[in-house]
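From first to last, the protein sequence lines are chains A and B.
Each residue of the first sequence is one higher than the one before, starting from 1 at the first, in my numbering.
Each residue of the second sequence is one higher than the one before, starting from 1 at the first, in my numbering.
Keep in mind that the hints were calculated from the coordinates and are not lab data.
No experiment lies behind these values; they were computed from the predicted model shown.
Beta carbons: idealized from backbone N, C-alpha and C, even for Gly.
Some hints could be false.
[Said to hold, decoys possible] Taking lysine-lysine and the DSS-like style, the derived pairs with C-alpha atoms no more than 25 Å apart in a straight line are:
hint: 1; chain 1: B; residue 1: LYS96; chain 2: A; residue 2: LYS35
hint: 2; chain 1: A; residue 1: LYS28; chain 2: B; residue 2: LYS96
hint: 3; chain 1: B; residue 1: LYS52; chain 2: A; residue 2: LYS3
hint: 4; chain 1: B; residue 1: LYS70; chain 2: A; residue 2: LYS3
hint: 5; chain 1: A; residue 1: LYS3; chain 2: B; residue 2: LYS165
hint: 6; chain 1: B; residue 1: LYS38; chain 2: B; residue 2: LYS70
hint: 7; chain 1: A; residue 1: LYS35; chain 2: B; residue 2: LYS70
hint: 8; chain 1: B; residue 1: LYS96; chain 2: A; residue 2: LYS44
hint: 9; chain 1: B; residue 1: LYS165; chain 2: A; residue 2: LYS44
[Stated by the list, open to error] Short, incomplete list of chain A residues facing chain B, as computed with Cβ under 10 Å:
hint: 10; residue: PHE57
hint: 11; residue: PRO58
hint: 12; residue: SER62
hint: 13; residue: ASN153
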Amino acid sequence: MVKISPLSLYIINRVIYRLYVLGILQSKFSLILDKRDTYVNNIKNENMDAVFNPIDFPSIASALDWEIHDLLPPDNSPYSDGTLVDKVVFSLNNPSDAEEVILGMKDIGYFKNEKSLSDIFEHLYLTENMSEKRKVITDLLEKLVSNNILKLNNGKYLA
Amino acid sequence: MEEKEDNQIISTTEHLSRQKVSRIDFEILVNFYEICKKKKISEREVSFLIGKVNKYFSEILNPFFKEHIKTEYLDILPAIASTGIRKIIPNDISPKETIDIRGTHTRETDKYSEVDYYKFTVTYKDGTTRNYRWKIKITKGSRSKVNPELLEILKKLISRHYFHKPKFALNIYIILKSRFKNVFSPLELQIALSKLTNKSVDPEFALQEGVDNMRITYSKILNETEKFLEHCQDHRVWISRYIPINTYEGQFFIWYEDSDENDKLLTSIDGNVLLSSSIEELLTLLKSNNDIFKAPVNLEAWLSGMEDLPPTISVTYSPKEIIDGFEADSVSVDTLANFVDFYNLVGDLGCQDERFEALLEFREVGELTKVWDYYCDNHLFKAKEPKVLSFHKAKFIADFRRLVERFEECILIKH
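The shape of chain A in the complex, shown without the other chains:
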């Protein structure tokens, strides 16, 4: 795993989070930015030191229906002294990252209409071979239903 600056990592993770929330495929997003279809995938790769370049921040923010500042940490964040950190990228394998995504989807109104588990998998581009991520999402949905954050009606999820 390579090391990159904490700011670059923060921005990568914000972008990946937002892509999941909006249900945008990474390769499609790369093309929206006028890049090669592997662009975001390379940036996501924990063994490559690729990061987003500031010159692309306006295009990235616009394509994510965000302002540039939505990509950045808040101003009261602790100062970085430039020490690089491990490139641990936002992933649906991680239950807390997955929860952030589902709550983000709820915030943008995704669950206003009933959604089946397969709708949600499709939104997140979780194909059948991604069983680990599918399990994380399934367990998480169960937890959110038991915490009354989502409702379950005839096998469909609703906010």
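Dock chain B against the given chain A, drawing on the hints supplied.
Chain B alone, transformed into the frame defined by chain A:
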């Protein structure tokens, strides 16, 4: 170009322009520069805090030149200018937005300084414009007076091993700022560091410059012994010496941080602390192992990585010396520190195995904990209101002797 012989100022002016400059790159530079100017942080100081040579930032500021702040350095700009990243990166730029820059660059040089004047106009995509006037002065060969107070602080940091690992100028600046508010400027720090990297400085405090991720670092020039101790620190394995209360002959043992993050003394499979009468014997024992003990995770790397470095003791524990120190009229800080080291060692042993647990009872007695608390509050964590050390000396010594006796029984030192 004009030349004035009387005051020896040489002045050159160029008319320059750049088209289709990335607006976001330009505005990041401008926002950061304007905050620095407001806070009176010079271009040279910015370069120093980024970890670059003095002219680095001045050259980036040239609006007619292609350079801009590198992505990997965006991260440290807030710390340099004591501001938030959102104050530096603008929010209202359109995708792929570019600007045109047109103006003049005048350079005036004389014996003492070099001044760059940039007068330029930025034209935005909607046709609106904004004028800029920048003056960047570099003083040549100015004498630098070292701030003696700052130099002493840096020497203290050096003696406390802060520079055993390379540090960026920004690391040091952040530490100074948090401990001494805004007393020292980046320039003063740069001057003090250059004094310490000078070859004529006392070797005990000599620093060297290095490079990490294209940024200048400062680290102590370590002697062989210090390199060995640093090797121990990296692997969390140390050689310690215990001098039993009734003899002068030390017993050597390994103190290490286990994978559960607890500090422990290395014990044999049968649970006894592994003691040797010399470092050489201890190392031979460790290298041969022969299933006598369960090796800590880092032991093999520690043994193989020490190469030709001279094996050295990290701490010596001498209860007799501690008692002598407490019997003196006034108890020195060194004596207190030695007591606390021993007290912690007993705590480590007491916690690592049920068979040593009884030690903890002998440790948790009034006078001993009182002195330990006093030391931690006043010397380790610097209490806001320092307390006076108040304890019953005779009772303390009696309690301490009992603790030592029990400890020596546990590690099988015969009386």
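Verification of the supplied hints:
Distance restraint check for B/LYS96 and A/LYS35: the Cα-Cα separation of roughly 13 Å lies within the 25 Å cut-off, and the hinted pair is therefore satisfied. With a C-alpha separation of about 19 Å, the suggested pairing of A/LYS28 with B/LYS96 holds against the 25 Å cut-off. About 21 Å separates the Cα atoms of B/LYS52 and A/LYS3, which keeps this hinted pair within 25 Å; it holds. Between B/LYS70 and A/LYS3, the direct Cα distance comes to roughly 16 Å. Compliance with the 25 Å bound is thereby established for this hinted pair.
With a C-alpha separation of about 18 Å, the suggested pair A/LYS3 and B/LYS165 falls inside the 25 Å cut-off, and the hint holds. Straight-line distance between C-alpha atoms of B/LYS38 and B/LYS70 comes to about 22 Å, which keeps the hinted pair within the 25 Å bound. Between A/LYS35 and B/LYS70 the alpha-carbon distance is near 20 Å, which keeps this suggested pair within the 25 Å criterion. For the hint pairing B/LYS96 with A/LYS44, the CA-to-CA distance comes to about 23 Å; that is within 25 Å, so the pair holds.
Distance restraint check for B/LYS165 and A/LYS44: the Cα-Cα separation of roughly 31 Å exceeds the 25 Å cut-off, and the hinted pair is therefore not satisfied. Given hint, A/PHE57 at the interface with chain B, holds; its Cβ is 6 Å from that chain's nearest Cβ, closer than 10 Å. Given the 10 Å rule on beta carbons, the hint for A/PRO58 holds: about 5 Å separates it from the nearest Cβ of chain B. With its C-beta approaching chain B no nearer than about 5 Å, A/SER62 sits inside the 10 Å limit, and its interface hint holds.
Hint status for A/ASN153: violated, given a least beta-carbon distance of 41 Å to chain B, over 10 Å.
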